[in-house]
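With the hints as constraints, model all of the structure from the sequences given.
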Amino acid sequence: MGGPLDAPVLLTSRPPGRARPREVDVVICGGGNAALCAAITARRAGASVVLLERAPQYMRGGNTRHTRDIRIAHVAPNAAATGAYPEDELFADLLRVTGGETNEPLARLTIRESTGLADWMAEQGVRWQKPLTGTLHLSRTNGFFLGGGKQLVNTYYDSALRLGVQVEYDATVRSLELDGRCITRVVFETGGAEQRLACGAVVVAAGGFEADVDWLREYWGDTASGFMIRGTPYNTGLALKAMYDAGAKRAGDPRGLHCVAVDARAPRFDGGIVTRIDAIPFGIAVNAAARRFYDEGEDLWPKRYAIWGKLIAEQDRQFAYAIFDAKTAGRFIPSAFRPERAGSVAELAVLLGLDPPALVATVAEFNAAVRPDCDVRLGALDGCGTAGLIPPKSNWAQRIDTAPFYGYPLRPGVTFTYLGVEVDAQAHVLAQSGDRFENLFAAGECMAGNILSRGYLAGFGLTIGTVFGRIAGVGAAQYARA
Amino acid sequence: MLELDLTAELDRQLSVCNACRYCEGFCAMFGAAQLRTAIGSNDVAYLANLCHDCRMCFDACMFTPPHAFAVNIPAAMSAARVETYARYAKPAVLRRLLATPRNAALAAVAAGIVVVALAIALWAGVAALWTPQLGAGAFYRVLPYLAMVVPALAVTVFGAVCVVLGVRHYARDIGAGIPFLTAAALWTALGEAVTLVYLKGGGAGCYDEGRGSGRRRFYHGLVFWGVLADVAATCSAAVLQDFLHQLPPYPLLSVPVVLGAGGGIALAIGAAGLTLVKRRSDARPAEPRMIALDNAFLGLLEVVALTGLALLAFRTTAAMGSLLAVHLGAVAGLFVTAPYSKFVHFVYRLVALVKNASERTGGSS
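In order, the protein sequences belong to chains A and B.
Residue numbers for the first sequence follow the numbering used here, beginning at 1 and rising by one.
Residue numbers for the second sequence follow the numbering used here, beginning at 1 and rising by one.
Derived from the structure by calculation, the hints contain no laboratory data.
Incorrect hints may have been included.
What the hints assert, rightly or not - Pulled from the structure, derived: some chain B residues nowhere near chain A, Cβ distances all over 10 Å: (1) L94; (2) V115; (3) G137; (4) V149; (5) V150; (6) A152; (7) A160; (8) F180; (9) A184; (10) A193; (11) L196; (12) A261; (13) G262; (14) R279.
Stated by the list, open to error - Computed spacing ranges between beta-carbons, pair by pair: (15) S213/B with K130/A: 16 to 24 Å; (16) G40/B with S225/A: 36 to 44 Å; (17) R360/B with G353/A: 38 to 46 Å; (18) A99/B with A380/A: 52 to 60 Å; (19) A310/B with P233/A: 55 to 63 Å; (20) E314/A with N42/B: 45 to 53 Å; (21) A38/B with Q57/A: 29 to 37 Å.
Every residue gets a Cβ at the ideal spot worked out from N, C-alpha and C, and that includes glycine.
Right, dumping it as structure tokens:
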């Protein structure tokens with residue numbers, strides 16, 4: 001082996017008289033929230049730690065870069081969140097979004113441990129801020145960290161580097177070498193050369209596989225070609241594959257993915273939060289044939305926005321269009337791109353590449369079904385639904401008749417995948433045979449499916465990552481140094 | 001960057017920010033930008049001066065280059081501030097001094113020193129430049145009081161009028177014709193300015209050497225309070241001389257000397273510290289034209305502070321005459337170039353803060 005991993009700091013920690021020669025106590029595969037929490041915790045527990053981040057330094061942090069808040073249970077207001085959010089309430093919220101499908105002991109553990117996270121994060125240098133504009137509904141349940149996820153990542157890297165964690169960027173994990181149920185080496189690639197790093201324990205916290213469109217195609221067929229990937233292009237699931245190759249047991253639905261409506265003009269990868277389109281409940285959504293296809297006013301948008309990615313994925317060429325008029329423009333958080341804008345519905349259709357007569361007919365049909373004189377209130381279920389229209393718009397139905405007319409082209413945007421590995425309460429990865437790997441731990445998105453099997457609970461992915469990152473870090477350090 | 005391009009570019013970048021909002025805890029600029037669905041050149045003039053260049057938003061942004069969104073708010077805002085200083089410089093013909101700040105500062109200081117030295121030579125003879133002078137009125141035996149105070153007042157009044165005219169124009173533009181100055185807004189803005197609250201980065205500090213720190217705010221505070229102490233020293237000396245009829249030099253433990261020396265030391269440390277921090281900072285969120293303005297102005301302040309301290313230290317020696325020429329020449333250079341240097345930043349910033357305070361309380365839009 002050559003390169004920086006020969007640094008003597010690693011060799012000094014090799015326990016004397018140990019059968020297996022070792023270059024480092026703990027290897028962390030991944031470089032986002034869960035990986036950093038594991039690295040910091042393992043290093044604090046006395047282990048030497050190497051963190052392998054696949055991305056270059058400027059892209060470090062995986063999809064944590066795009067986060068902004070973490071869900072925490074608490075009995076009284078603290079630095080991060082207001083009011084009280086009892087553990088049972090958080091658990092009930094989790095049951096609601098997953099339809100009851102969760103590993104209860106792991107879920108309860110995560111929620112219990114979440115109560116200490118505000119303080120622990122502050123100890124690492126994380127600063128809390130008021131909820132961002134438009135997120136007041138989360139102020140009780142979620143803590144917002146100053147500057148968002150990349151700032152969180154920067155703070156954790158800073159903390160990890162100060163503690164002496166060795167960080168390798170541009171390091172792609174290829175495989176895990178096994179001796180029975182024990183990982184002996186992590187094989188990774190950096191600078192075009194393969195390295196085999198002998199270690200005492202391994203934590204895999206490398207996210208999901210949503211950036212590997214070919215892998216998505218295995219479960220989604222050609223529909224996957226129409227997906228935009230909202231996060232890092234480096235989450236291709238290589239470390240997840242390495243665990244499967246080593247015999248790890250799968251957890252979560254392979255077709256499971258969180259998918260929302262994003263601006264079709266966004267870059268294919270890494271558009272983050274700024275390409276999300278929240279316009280749908282304010283007007284109508286049509287497909288490439290300029291036909292409506294789903295109830296835009298079914299429920300409050302925060303409860304429904306996450307179904308629209310899959311709804312659009314089912315449409316021809318995975319395209320849809322949000323159409324609204326001057327009455328509702330400016331009523332929702334804008335996206336990074338301005339909507340198309342025209343003086344008439346037909347001109348708007350031209351701008352969007354839709355058939356003008358078809359869009360004019362759809363809008364006219366919708367307008368005719370709107371109940372006149374209904375008091376439209378955008379903040380609540382107002383019951384202002386259409387009459388005799390299929391599909392209906394159950395709330396906030398008002399005529400699209402006031403120029404200028406606006407439209408956003410939409411595509412499905414994948415936030416994350418649910419497929420991962422099964423773990424126990426010590427974050428040990430379980431093997432297909434049912435027993436557990438002695439020294440392989442998992443944290444973050446690649447095991448979150450054990451708890452959040454489906455649906456979405458804002459900020460809870462980070463909760464799982466932070467809690468299990470810390471558990472994995474402690475477990476890996478203890479195993480490696482025992 | 002052309003002004004129109006800059007407006008279009010900030011309109012593009014801020015539409016990303018308005019969709020994201022992760023940075024709104026750092027400063028008031030992001031909240032103000034969110035109130036605007038489209039950004040025009042007057043919005044740019046306002047928002048750019050509301051930005052205090054703490055640069056935390058660059059560190060926090062996942063869309064900085066080489067990302068396709070290429071968001072770099074601090075660099076674009078700095079460029080826009082340079083445009084502000086030029087656009088509102090009065091008389092307009094002198095705005096070109098802003099394009100070559102180092103040469104302007106050097107030339108002004110050199111000219112100032114030559115003029116003061118010539119005046120000394122004409123009044124008291126060349127030998128006064130290296131002859132010790134002791135006792136009350138020592139300075140005035142080298143250069144008469146009126147020869148000091150009349151040009152100083154003339155330059156100050158001229159500069160103040162130019163700055164006021166420029167700022168009035170600026171305030172009209174960013175207010176879109178609607179007055180926003182209220183006592184409450186001014187009070188809030190003064191509080192924010194004096195505490196440099198927006199150099200706190202919401203608690204994270206300023207992003208300089210790879211992470212947030214309080215260094216910039218600390219050194220900036222030293223410069224600010226140092227300058228204020230020196231102004232107070234000058235005023236107190238005027239009181240001693242004109243009302244109590246005590247002529248300088250004043251004893252070490254007098255009000256003018258304590259304020260002046262304290263202010264000079266603070267200014268010297270602050271200007272040097274700021275220069276060093278800026279030099280070591282990540283260059284990506286910086287704008288070269290603003291760096292040039294910063295360096296020239298901080299260099300001038302440093303020269304004024306050090307020559308003032310040297311004059312105090314050696315005022316009883318043969319060097320007093322020469323040091324007086326150098327210090328007064330440097331002060332003259334600072335005052336003459338002030339309306340066309342980084343000096344003006346605080347005036348525009350204060351007006352932007354007043355506008356922001358007024359906007360937040362619904363005073364105007």
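Exercise for the section: Check each numbered hint from earlier against the structure, then list the numbers of those it violates in ascending order. Expected result: none
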